[in-house]
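Student: Protein chains in written order, with our numbering: chain S, 1 to 77; chain E, 1 to 235.
Keep in mind the hints are simulated off the structure, nothing from the lab. Just so you know, not all the hints are guaranteed correct.
Claimed, not checked - Computed list of lysine-lysine pairs in DSSO-like fashion (alpha-carbon distance at most 27 angstroms, straight line):
1. Lys230/E to Lys32/S
2. Lys230/E to Lys42/S
3. Lys64/S to Lys153/E
4. Lys229/E to Lys55/S
5. Lys32/S to Lys75/S
6. Lys55/S to Lys230/E
7. Lys229/E to Lys57/S
8. Lys81/E to Lys35/S
9. Lys42/S to Lys54/S
10. Lys46/S to Lys16/E
11. Lys16/E to Lys42/S
12. Lys229/E to Lys54/S
13. Lys143/E to Lys42/S
14. Lys75/S to Lys16/E
15. Lys143/E to Lys46/S
16. Lys39/S to Lys83/E
17. Lys230/E to Lys39/S
18. Lys39/S to Lys16/E
19. Lys230/E to Lys75/S
20. Lys143/E to Lys39/S
21. Lys57/S to Lys16/E
22. Lys228/E to Lys57/S
23. Lys229/E to Lys39/S
24. Lys233/E to Lys54/S
25. Lys228/E to Lys64/S
26. Lys75/S to Lys229/E
27. Lys81/E to Lys42/S
28. Lys39/S to Lys228/E
29. Lys42/S to Lys83/E
30. Lys170/E to Lys32/S
31. Lys229/E to Lys64/S
32. Lys233/E to Lys64/S
33. Lys233/E to Lys75/S
34. Lys143/E to Lys55/S
35. Lys233/E to Lys35/S
36. Lys186/E to Lys32/S
37. Lys32/S to Lys42/S
38. Lys32/S to Lys229/E
Since we're looking at a predicted model, the values are computed, not measured.
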Amino acid sequence: MIESLIYMNGYGVFVWSSFAITALTCLIVYFKTLKTLRKYEKEFAKEIEELSTKKRKTLLESSKIASQVVSSYNKTI
Amino acid sequence: MIKFFNNSNIFFWIEKFTNFINSIFFVLLIVAISFALIFSPPDYLQGDSVRIMYVHVPAAWIGLASFTLIAFLSILNFIFKIKNLFLISKSIAPIGLMFTCLAIVTGALWGQPTWGTFWAWDARITSMLILGIFYLLFIFVNKYVLDQHRANKISSLIAILGAVNIPIIKYSVEWWNTLHQPASIKIAGASTIHSSMIVPLLLMFFVLILYCALIFLMKYKTEIIRIKKKNLKRL
Numbered sequence: 001m002i003e004s005l006i007y008m009n010g011y012g013v014f015v016w017s018s019f020a021i022t023a024l025t026c027l028i029v030y031f032k033t034l035k036t037l038r039k040y041e042k043e044f045a046k047e048i049e050e051l052s053t054k055k056r057k058t059l060l061e062s063s064k065i066a067s068q069v070v071s072s073y074n075k076t077i
Numbered sequence: 001m002i003k004f005f006n007n008s009n010i011f012f013w014i015e016k017f018t019n020f021i022n023s024i025f026f027v028l029l030i031v032a033i034s035f036a037l038i039f040s041p042p043d044y045l046q047g048d049s050v051r052i053m054y055v056h057v058p059a060a061w062i063g064l065a066s067f068t069l070i071a072f073l074s075i076l077n078f079i080f081k082i083k084n085l086f087l088i089s090k091s092i093a094p095i096g097l098m099f100t101c102l103a104i105v106t107g108a109l110w111g112q113p114t115w116g117t118f119w120a121w122d123a124r125i126t127s128m129l130i131l132g133i134f135y136l137l138f139i140f141v142n143k144y145v146l147d148q149h150r151a152n153k154i155s156s157l158i159a160i161l162g163a164v165n166i167p168i169i170k171y172s173v174e175w176w177n178t179l180h181q182p183a184s185i186k187i188a189g190a191s192t193i194h195s196s197m198i199v200p201l202l203l204m205f206f207v208l209i210l211y212c213a214l215i216f217l218m219k220y221k222t223e224i225i226r227i228k229k230k231n232l233k234r235l
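With the hints as constraints, model all of the structure from the sequences given.
Tutor: Okay, structure coming up:
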């Protein structure tokens with residue numbers, strides 16, 4: 001059963017290569033995209049924290065996105 | 001309605017959708033792969049090599065659909081000048097390129113056991129390669145043209161020009177004498193594929209669409225943060 005699944009009547013190398021290449025590409029793209037997103041979130045949160053207290057408060061009150069990014073960044077650290 | 005489409009609301013829904021996709025993705029992936037590699041029958045002519053179809057066909061469909069969507073959004077962008085449409089196109093393009101490349105590579109791996117060659121300058125394969133080149137042009141313009149407004153215009157033009165290639169890809173197997181087989185699944189008309197093969201094919205397509213949605217949401221979120229980050233410097 002397992003042997004026939006791997007060998008696939010001689011087509012195993014083509015079938016498994018196709019699935020492996022697809023899976024590997026999907027994984028690489030997923031982690032690269034996630035890494036870029038985390039990098040931008042981190043930079044954005046840091047820049048907000050570097051603002052003066054007044055500016056930061058105004059920004060966090062007016063922008064939902066800024067407050068979400070800061071709170072999710074604070075959770076990760 | 002307009003309020004719903006502002007970036008703050010979109011950002012909130014991106015979080016929700018991402019969590020939802022993450023919660024169902026792996027279960028569906030295991031089911032789809034089990035059907036594709038174990039439960040679906042081998043083809044009476046091609047044997048087990050037909051299983052490559054379960055990654056090749058959805059990859060090609062996604063590659064084509066993504067570019068069609070980009071072209072459509074580019075036309076809308078030219079008319080209505082909505083910035084979000086451009087951001088959506090920009091986020092879709094890398095996914096479309098990835099799946100176009102996967103369709104070409106898995107097609108080559110399918111071609112060797114069935115046609116006896118990895119590559120042929122066949123109308124379908126060549127037009128898919130041209131689609132990949134259009135994707136690359138679209139992405140490079142957005143990356144290397146620094147003036148955002150100019151990049152937007154040039155890349156939209158590339159997408160609209162590239163859209164001419166879409167019907168060529170679709171009908172290449174009918175217009176020319178090609179190695180590539182004609183379409184087995186037809187939206188209008190009877191499909192020439194057995195249900196035992198359609199089910200795993202649609203399952204794999206659905207799983208890959210979920211994956212695309214996940215990558216798209218992450219990329220779109222990155223673009224929104226990038227814009228907010230730029231605006232922060234103006235404070």
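Student: If a hint holds in the structure, say so; if it does not, say that too.
Tutor: A quick look at each hint next to the structure:
no.: 1; hint: Lys230/E to Lys32/S; in the structure: holds (22 angstroms)
no.: 2; hint: Lys230/E to Lys42/S; in the structure: holds (14 angstroms)
no.: 3; hint: Lys64/S to Lys153/E; in the structure: violated (30 angstroms)
no.: 4; hint: Lys229/E to Lys55/S; in the structure: holds (14 angstroms)
no.: 5; hint: Lys32/S to Lys75/S; in the structure: holds (21 angstroms)
no.: 6; hint: Lys55/S to Lys230/E; in the structure: holds (16 angstroms)
no.: 7; hint: Lys229/E to Lys57/S; in the structure: holds (16 angstroms)
no.: 8; hint: Lys81/E to Lys35/S; in the structure: violated (31 angstroms)
no.: 9; hint: Lys42/S to Lys54/S; in the structure: holds (21 angstroms)
no.: 10; hint: Lys46/S to Lys16/E; in the structure: holds (24 angstroms)
no.: 11; hint: Lys16/E to Lys42/S; in the structure: holds (20 angstroms)
no.: 12; hint: Lys229/E to Lys54/S; in the structure: holds (18 angstroms)
no.: 13; hint: Lys143/E to Lys42/S; in the structure: holds (22 angstroms)
no.: 14; hint: Lys75/S to Lys16/E; in the structure: holds (17 angstroms)
no.: 15; hint: Lys143/E to Lys46/S; in the structure: holds (25 angstroms)
no.: 16; hint: Lys39/S to Lys83/E; in the structure: holds (23 angstroms)
no.: 17; hint: Lys230/E to Lys39/S; in the structure: holds (15 angstroms)
no.: 18; hint: Lys39/S to Lys16/E; in the structure: holds (21 angstroms)
no.: 19; hint: Lys230/E to Lys75/S; in the structure: holds (24 angstroms)
no.: 20; hint: Lys143/E to Lys39/S; in the structure: holds (18 angstroms)
no.: 21; hint: Lys57/S to Lys16/E; in the structure: holds (26 angstroms)
no.: 22; hint: Lys228/E to Lys57/S; in the structure: holds (16 angstroms)
no.: 23; hint: Lys229/E to Lys39/S; in the structure: holds (12 angstroms)
no.: 24; hint: Lys233/E to Lys54/S; in the structure: holds (15 angstroms)
no.: 25; hint: Lys228/E to Lys64/S; in the structure: holds (11 angstroms)
no.: 26; hint: Lys75/S to Lys229/E; in the structure: holds (20 angstroms)
no.: 27; hint: Lys81/E to Lys42/S; in the structure: violated (31 angstroms)
no.: 28; hint: Lys39/S to Lys228/E; in the structure: holds (14 angstroms)
no.: 29; hint: Lys42/S to Lys83/E; in the structure: holds (24 angstroms)
no.: 30; hint: Lys170/E to Lys32/S; in the structure: violated (32 angstroms)
no.: 31; hint: Lys229/E to Lys64/S; in the structure: holds (14 angstroms)
no.: 32; hint: Lys233/E to Lys64/S; in the structure: holds (18 angstroms)
no.: 33; hint: Lys233/E to Lys75/S; in the structure: holds (25 angstroms)
no.: 34; hint: Lys143/E to Lys55/S; in the structure: violated (32 angstroms)
no.: 35; hint: Lys233/E to Lys35/S; in the structure: holds (23 angstroms)
no.: 36; hint: Lys186/E to Lys32/S; in the structure: violated (36 angstroms)
no.: 37; hint: Lys32/S to Lys42/S; in the structure: holds (15 angstroms)
no.: 38; hint: Lys32/S to Lys229/E; in the structure: holds (20 angstroms)
In terms of the numbered hints stated before, the structure departs from hints 3, 8, 27, 30, 34 and 36, listed from lowest to highest.
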